[in-house]
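Participant: Spelled out, the chains give:
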Amino acid sequence: MNDPSIPGIPQLIEIARSVRIDIVQAIHHAKGGHFGGPLSAVELLVALYFRELNIDPVHPQWEDRDRFILSKGHSAIALYAVLAERGYFPVEELMTFDAIDSRMQGHPDMKQTPGVDMSSGSLGQGLSAGIGMALGARVLGKSFRTYVMIGDGESQEGQIWEAAFIASRYQLDNLVAILDYNKVQQFGWQYPEPLLPIDHPEEKFAAFGWHVIEIDGHDFNAILNAFDQAKMVKGKPTIIIAHTVKGKGVSFAEGKYQWHAKVPNDEELTLALAELVRREG
Amino acid sequence: MAQELSQRVVFGETLVELASQDSRVVCLDGDLATSTRTDMLFKAHPDRFFMMGIAEQNMFGVAAGMASVGLIPFVSTFACFTAKRALDQIRIVIAQPGLNVKFIGAYSGILTGKTGKTHQSVEDLTVFRAMPNVVSIAPIDGVEVRQAMHAMVEYDGPVYLRLTRDPMPVIMGDSYQFQIGKAVTLREGKDITLIGTGEQTQRCLDAANLLAAEGISAFVLHVPTLKPLDVEAIVNAAAATGLVVTAEDHSILGGLGGAVAEVLGEEYPVPMKRIGLRDTFGESASNAPLLEKYGLTARHVAAAAKTLLEKRST
Chain W
1 MNDPSIPGIP QLIEIARSVR IDIVQAIHHA KGGHFGGPLS AVELLVALYF
51 RELNIDPVHP QWEDRDRFIL SKGHSAIALY AVLAERGYFP VEELMTFDAI
101 DSRMQGHPDM KQTPGVDMSS GSLGQGLSAG IGMALGARVL GKSFRTYVMI
151 GDGESQEGQI WEAAFIASRY QLDNLVAILD YNKVQQFGWQ YPEPLLPIDH
201 PEEKFAAFGW HVIEIDGHDF NAILNAFDQA KMVKGKPTII IAHTVKGKGV
251 SFAEGKYQWH AKVPNDEELT LALAELVRRE G
Chain V
282 MAQELSQRVV FGETLVELAS QDSRVVCLDG DLATSTRTDM LFKAHPDRFF
332 MMGIAEQNMF GVAAGMASVG LIPFVSTFAC FTAKRALDQI RIVIAQPGLN
382 VKFIGAYSGI LTGKTGKTHQ SVEDLTVFRA MPNVVSIAPI DGVEVRQAMH
432 AMVEYDGPVY LRLTRDPMPV IMGDSYQFQI GKAVTLREGK DITLIGTGEQ
482 TQRCLDAANL LAAEGISAFV LHVPTLKPLD VEAIVNAAAA TGLVVTAEDH
532 SILGGLGGAV AEVLGEEYPV PMKRIGLRDT FGESASNAPL LEKYGLTARH
582 VAAAAKTLLE KRST
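Going line by line, the protein sequences match chains W and V.
First residue of the first sequence? That's 1 in my numbering, and the numbers climb one at a time after it.
First residue of the second sequence? That's 282 in my numbering, and the numbers climb one at a time after it.
Extracted from the complex, chain V is given alone in its bound form (with noise of 0.2 Å):
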């Protein structure tokens, strides 16, 4: 079996190495530290580590005035209070003036520990998406969490980071470099291309598989980073099998689905399907029966695959 990590874990480890290399890098934590993992931080460097108490507004204005003298502030919480709770603070604080401040949501998505629909986070990428001057990122797997934590630290200005609480096996190589903006291609094919973003992307190389077993090639194309869109190599992989279907563990409206249907709807328009949530919150369970239920398994992104080819040849 493939090796495992959670990307929380890695999260807490990289932050650490990062505030070791340099002297800039600052934590706030929102009181998730055992959740999140700033624990890590807080027991490597006690005074590089600002417990914010659970008061989410002020602790993102904090980040603001820190940045604003120079230091490198990553604000930890959750995906949904990041994303909605803090948001104003975000806009007028972060975003205008285009501060550097790195913005986590832990516990994205709807795989959250059976917390439900309160703690799930499926719109977090509208939002960023359509917030001007924010950088947005969903790594596919705690090799990619450690090397974009590195990107973001070398770019200057605001950056959300969108992670995940379970373990996950580990898809990026040691030779693998992130870089904001640019999509990878995981796997070559010419029948239909699945475009996956986070953790979901290793469901669409499931669904790859699946459909190889049925003598169907699957181009694999992974979106890390939300914005900039690599809008290129979004085309160049829809031109290169004229079949598109998108995955993502959030709502379908505005996220990953929505970004694709955009940049092909102007550019390159070909048949497509979007594997999300559809327009709906989530629920407390466990993670199969949520992935099942919701329609977020590499099954349903198969059979979106095989709807659209079905429909070509007929």
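So here's chain W without its partners, still in its complex pose (with noise of 0.2 Å):
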């Protein structure tokens, strides 16, 4: 990096590490919240907000600028520790998540909280909200673009395939949907045998005539790659499948769907802290 203010690879593990204890904290102060889907989609969330998306932290509604939709509102946390991180509120902040009177609502609200884009919480919503601001752009004449961040269990909602078909009817190349790819959701179907949230994303997105690209979800590099390619593909939306595991980073909570939405005790917030502060290598 020539520039010192872009945070090469190295700055960006560290600020995941950052994010992923201030979220672990954050549920366990909350004693609520969901705990592994939040942590399987820091890496992507921190690519976004540190690197890839044209933002201003000082103007969180300057119109210009790119947006975000956390589709899969559930992991709030996740966002409001990356928004944090990045300087749109104090971080001490995240501490009031799902208190009463708190801007870190249970799912994003965009009328509470600065930076976020769109509302959500509803599964399946986020993708068509996104078609919106995407759409919007080219009505306007802006050069912004539009992420959308959808989960696997989420995307068993018809509402996700409504907006696949006009999101590439529209042939919207300034419209990148992220499939964070954590195969793990609240239950699901684990008789006669286990199945996973949504067998072969990459398929049936293609089929809907979307530009796929698959990645590793934790590997940064990848990741801006997957971000750079999506700004080359002309006249399609894009869909970049996220290879995560649910829980990332906290190894007693991953891969689990029974830490879909639980609170870590003392003796696990103390466990987990260990695991996330220790330097690799």
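One thing to keep in mind: the hints can contain errors.
EDC-like, lysine to aspartate or glutamate: derived pairs with alpha carbons at most 20 Å apart [unchecked claim]:
hint, chain 1, residue 1, chain 2, residue 2
1, V, 398, V, 560
2, W, 111, V, 543
3, W, 111, W, 157
4, W, 183, W, 98
5, W, 111, V, 369
6, W, 236, V, 328
7, V, 324, V, 298
8, V, 471, V, 487
9, W, 142, V, 328
10, V, 365, W, 157
11, W, 142, V, 303
Calculated directly from the structure, the hints in this document are not laboratory data.
Hints given; two lone chains; assemble the complex.
Facilitator: Printed below as a string of structure tokens:
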């Protein structure tokens, strides 16, 4: 990196570590919230807010900013932690998560939290709103881009596929969907054999006319390359299918549906923080 | 005979007018353009018309995204789909953040062109009255449709506009000024108060004529805005006669009748009767037999008024 204000990969890794610590502490403090889904999305969100999005934390309503929608709204605490680390509001405010009168609501509220571009929470709805923003940019002659993160369980909602059809039909190359493909939903299918929340999303989105990029969603190089590649695609929307691990970074929660919305107790918090602060290598 | 206008035709014409005046106005259509008459906008401004296909949930979400970046989207489909098929989308991304989306309930009530109960809408006002942040408007005629649409564009926030299909007489004069949240006295009277919303207010006016022929003087109040409700006008209208009949092409549960009963129950209790769908769905038929079977004619309104008057005199 020539520009010292642009964080390189080692710095992004450190930011992701801080974000995970923020998330775990906030959930423990609030005694509520979701655990696995926020942790799987951390690298994707950090890459967006620290490298990809054209934004200004001092002016969250700047009208030419790139837009981001967290359609899997139950991972709100991850978005709040990234926004706080990016400077939209103090990191200490994360400790008000889920409390009365807090700007950190259980699901994203665009009228409460600086930096949140669209309310979400009832699953399946964010991609449609992203289409509206992308079409809006076209009508208004603006060059901002729109990014929407969807979940794999969420992709069972029919509205996701209504949106997939329309985004392709309008050739929205200013729209990027990111699938946080963490392979685990709240309970899902476990009998007679375990099934994924969605099989072969790459085939399904390709069949709907999308450009598909498949990556490791915890690898910053891969994530940043995917964003760059998406900008080269013309005439169709892009989906980045990011293979992730639910509960990533907290070993006892990784890949476990039981940690979809479990709150760590004091002992689990200590264990989780010990893992998260430990330096690799 | 008085001039007649279809609300849907005025809607299409006014949409073109608004889009021509204001570059932020766009329309999303759920593949009903020739019915709802958004085809007029498509012909005049094809770049401001967005075909969203037969996929209402996505359509309302797209509208929210458009509103969030500064456009003023009119979302057009039948009332039955607006109020039910896409209801959670309206709740989450339009009503809760208070985004500036205008959503149309075309072909409302039971007079829907022989499509029957699947395509009639008798509970949309109940739904949107109960939803915070949503303004609900049901105009009496084409003149009021046009004015209401201009007011909707000036107002920043979610608005539901309930429209009808077939031509009806024009009631409002050229000098009429629609205001969101204001009810309108159409006729002064001292014996009985008739309160209507949407086109059903026209049948209240006809009922007032029937009653006048029998020497009964009816006060007629038109309530085009179901929310915010003009509480003062409703209380004053009730106080003018001490008896109230409400009338709507909608369920009596939670619509105008429910709203007036709530207001008067708290503020000015008087005997009342509600004309409307009595906890039933409709069916396929042409307008006259539907109005007759479901008790929505001017004669039904007048009969309810006379029942209240007879009770008071005994």
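Participant: Of the numbered hints stated earlier in the document, which are not met by this structure?
Facilitator: Going through the list in order, the structure violates hints 2, 3, 4 and respects the others.
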